[in-house]
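Asker: Just so you know, the sequences run in chain order A and B.
With the first letter of the first sequence counted as 1, position 447 gets the number 447 in our numbering; the numbers rise by one all the way through.
With the first letter of the second sequence counted as 1, position 223 gets the number 223 in our numbering; the numbers rise by one all the way through.
Hints are supplied without guarantee of correctness; some may be wrong.
As the list claims (entries may be wrong) - Restraint ranges, calculated between C-beta atoms of paired labels, are given here:
| # | chain 1 | residue 1 | chain 2 | residue 2 | range |
| --- | --- | --- | --- | --- | --- |
| 1 | A | ALA437 | B | ARG349 | 53 to 59 angstroms |
| 2 | B | LEU25 | A | LYS394 | 39 to 45 angstroms |
| 3 | A | THR214 | B | GLN163 | 18 to 24 angstroms |
| 4 | B | LYS32 | A | ALA437 | 25 to 31 angstroms |
| 5 | B | PHE122 | A | MET454 | 47 to 53 angstroms |
| 6 | A | TYR21 | B | GLY73 | 52 to 58 angstroms |
| 7 | A | LEU22 | B | ASP348 | 50 to 56 angstroms |
| 8 | B | GLY95 | A | ALA76 | 55 to 61 angstroms |
| 9 | B | ARG349 | A | SER449 | 32 to 38 angstroms |
Unchecked claim - Going by beta-carbon spacing under 8 angstroms, a handful of chain A positions derived as facing chain B:
| # | residue |
| --- | --- |
| 10 | MET1 |
| 11 | ILE9 |
| 12 | PRO14 |
| 13 | ILE43 |
| 14 | LEU45 |
| 15 | PRO108 |
| 16 | TYR112 |
| 17 | ILE181 |
| 18 | ILE187 |
| 19 | PRO432 |
| 20 | ALA435 |
| 21 | VAL436 |
| 22 | GLY450 |
Quick caveat, the hints were computed from the structure, so don't treat them as lab data.
Just so we're clear, the structure is a prediction, and the values are computed from it rather than from any experiment.
Every residue gets a Cβ at the ideal spot worked out from N, C-alpha and C, and that includes glycine.
One-letter residues, chain by chain:
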Amino acid sequence: MVYSSLMFIYGFLPVALLLYYLTPKRFREYVMLFESMAFCCFISLYFLLFIAAYSIVNYLFGQMIGKLKKNEKLAAIPLTIGIIFDLIMIFGFRTKYFVWLHDMLHAPEGFYPIGISFFTLSAIGTLIDTYKGRIKADMSFVRYSLYIMFFPRIIMGPLLRYGVFAKVLDSRRENLTNIGIGMSLFIKGLAKKVIAADNLYMLYSAVRSSDVSTISAANAWLGITAYLFCLYFNLSGFADMGTGIAYCFGLKLPQSFNYPLLSTRIKYFAARWQSQVIQWLRRYITKPLYSACTKKWIREIVFVGGWTLFGFWYTVSLNGVICGLIMGIALIIENYVLPEKVMKFTGIIYTFLVVILCTVFLSGDSLAFSVKYLLAMLGGNGMIADAKFFYLVKSYIVLILITMYASTSLFRNMMIRSGKAKIRSIIAVASPLIAVATLIICTALISYSGSSDMLLIYL
Amino acid sequence: MNKLNRTMSIITAVLSLTVISSLSLMSFFGKKVQWSFEENRQLAALPEPSFKEMYNGEWSEKNDRYVTDHFVGRSKWIYASNRMQEEMTESIVNGVYVSSERLLDTVIPEQDKKAFSDNISFVNSFSKEYKDTTTVYFAAIPSSTGIYGDILPSDFISRSDSQRINELYEQLSSKIRCIDAYNILKMMKDNYIFYRNDTKWTSYGAYCVYKTVIQKLGFQPTSYDKYSIEHVSDSFRGDLYNRTLSDKPKADILDIYYYPDGAEVISCERVLNDGSVSEGEIYDRSRLGSSDKYSMYLGEDVPVLKIKTSNQNEKKLLVIKDSYADCFIPFLIQHYSEIIVVSPDQLDRPLADIININDYGQTLFLFGINDLDEKISF
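Construct the complete structure from the given sequences, taking the supplied hints into account.
Answerer: Here's what the structure looks like:
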């Protein structure tokens, strides 16, 4: 079950909300845990068992670290074992090299624990935080399992630290206003997924349907741009849906994406794209390493290494590594070369080019493919544009224009930052209707297959 | 947040929750139908909970399917969605190209090489086994995409029915007489030979091929002006409509060709797998009210259909076919005293258990070329 399915929107969500609000306030955390378990069970019973066992094991490691905290060296033992356990899990299920692990765990065929890239990072972060004494080890088991299983964030939801999550739980505020904000956010995410991402994916696959050695330059650009936008709308759509649902339960989760595609510097792009994961890497990997090394050039290598890990996290393959490497190096070069002030337009163009370059590697199935695709973009196939390009542009022009506009902050500015109070109030008054109309459009678009579960990247 | 925004958030909450809960209540308590008329298919049933299926996730998939199929006003939602899809993206809905002229299937069939070659060796061994008693003929019929594929956008022409037909005919044994339906139909493409809303040919398309087939089988074809033609329906929408619910092209016409001077049908028996026999009809007009109007030809699919006519020439024909043959068989009737029509996809036992194949001097295999990716042997 994904958020963008009829089963979830018209079955699970209303029942979950009703149950939640009928329960007295002090039991509501338990209800959330119960509902999260039900959500996992709707994926499969095996997934529920898997994630429950996973939470228990990690919780126990955390407890052990807490008990042994007085002796730092002794406490490092459960920490190391815990981290190794988590890493085996993430590699075991995200790559194909661990068939024995599947067999050992009696996993059903084709089993993929959805969201594993997020909850393993959460678990590792919590272990380290416990070890460092940043959070108290005597956390409640209910809260910890809720942290791992919380259904609004299990599918590509925002990644957040246990400390932040606990604070969010403490400052829970359930009221109708928050449900309203949550529903608009959810519908916004749904539209991103169903209207933008799914159709952009069709455009991308239309380009990819020809052999890479026959794609014309214009087509290659069109395809990769479609992929980039599709990736953005897909990831941010799921994140928005997740935060929206959490809002409905009175919980305010942080945002992951902040309109990154129209950034004037690579630096800004990097700060706005899936910021929680990048913060995680900085907090737990690059920052501790920084303090260990004093020389500037070593720090820069560490910096690039952090980005390489980020790319690797996306695909668990060499292509992702190269994508991250390019991004890291580009950031360093920008830092040295770029003058303080640069024209907005030039900034947008070069940032976009670097991001596109990264996307070529991120989207390819293999290194060879990506290099060939890059050649095609440079006109290496001897064609600038062909009939297919014009046909695709003609067919998709409405979608392309809408999505390009919606992906930039211009859209948001029009919505909430308009200078004139009158326009602001008109938009505010129209917003409930827009939300409901969008919900209905999205429902229609998923009505045929019942769900839109194209994930692009299995995280 | 100012007061206006707060009020509007409350309104959003109330409105959207009302929409969600009313749609879900309507779906939950609404009357459940088993059969979708618009899509011409059986809707999913509520899955029985079983531990094994819950364990590996199949149960929730089936549940999803059930909720989707029985969502309130499903066909209206799909209709709206497909119209939006046409505007936003290519005019392709669920693999069907939508134009005001006609609907065309663009899905390149899963080229199941194994099933395809199994079918070829089945036909070859059939012809070998009965080589002393029956002559085997093969007619492979292109789909509407095979004939009208040139109106598709440029990147879809990779699918070629004619190539596949050639490939098939090359691999059939030289004893089998192959009928080149493709070029006959291609020449006639300006006529109404294929339905606009279906992959199959019209009666007129079948007639054009019949003229060649019947000569190969050793008869003179009946000329077109001898028939009196009745339009029995002008609102037929076929399998491509079921997939898109698009009413952009005009609805299709179903024709019945009567030949008053020809032999009459004496009996038409439907034989089921269990051997039970019931009375059937060449034109079952009651099917015109169903979701599959095309099944008016020869009625609902049965494993074996036995047709006896007043023709006294003692010639018997065995036809092994798929749905393309349904509107084709009526043209053959007057030439034979007995025709046996076999649908291998319905048959669950060896054909020899039901009839004696050696009684039939001629055997005609008639299939849509894209249906040969599924097993046809019996």
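Asker: Please go over all the hints and tell whether each is borne out by the structure.
Answerer: Here's how the hints hold up against the structure:
1. A:ALA437 <-> B:ARG349: 53 to 59 angstroms: holds, 56 angstroms
2. B:LEU25 <-> A:LYS394: 39 to 45 angstroms: holds, 43 angstroms
3. A:THR214 <-> B:GLN163: 18 to 24 angstroms: holds, 19 angstroms
4. B:LYS32 <-> A:ALA437: 25 to 31 angstroms: Since the Cβ atoms of LYS32 of chain B and ALA437 of chain A sit about 28 angstroms apart, the hinted range of 25 to 31 angstroms holds.
5. B:PHE122 <-> A:MET454: 47 to 53 angstroms: Given a distance of about 38 angstroms, which is not inside 47 to 53 angstroms, the answer is violated.
6. A:TYR21 <-> B:GLY73: 52 to 58 angstroms: Distance hint for TYR21 of chain A, GLY73 of chain B is violated at roughly 28 angstroms.
7. A:LEU22 <-> B:ASP348: 50 to 56 angstroms: Holds: the Cβ-Cβ distance is about 53 angstroms, inside 50 to 56 angstroms.
8. B:GLY95 <-> A:ALA76: 55 to 61 angstroms: holds, 57 angstroms
9. B:ARG349 <-> A:SER449: 32 to 38 angstroms: holds, 36 angstroms
10. MET1: Since chain B brings a Cβ to about 6 angstroms from MET1 of chain A, closer than 8 angstroms, the hint holds.
11. ILE9: holds, 6 angstroms
12. PRO14: Hint holds; PRO14 of chain A Cβ to chain B Cβ min 5 angstroms, cut 8 angstroms.
13. ILE43: This hint holds: ILE43 of chain A lies near chain B, its Cβ roughly 6 angstroms from the closest one there, short of 8 angstroms.
14. LEU45: OK, holds: LEU45 of chain A within 8 angstroms of chain B, min 5 angstroms.
15. PRO108: holds, 4 angstroms
16. TYR112: The hint is violated - TYR112 of chain A has no Cβ within 8 angstroms of chain B, the shortest such distance being about 10 angstroms.
17. ILE181: Since chain B brings a Cβ to about 5 angstroms from ILE181 of chain A, closer than 8 angstroms, the hint holds.
18. ILE187: holds, 7 angstroms
19. PRO432: holds, 4 angstroms
20. ALA435: holds, 5 angstroms
21. VAL436: holds, 5 angstroms
22. GLY450: holds, 3 angstroms
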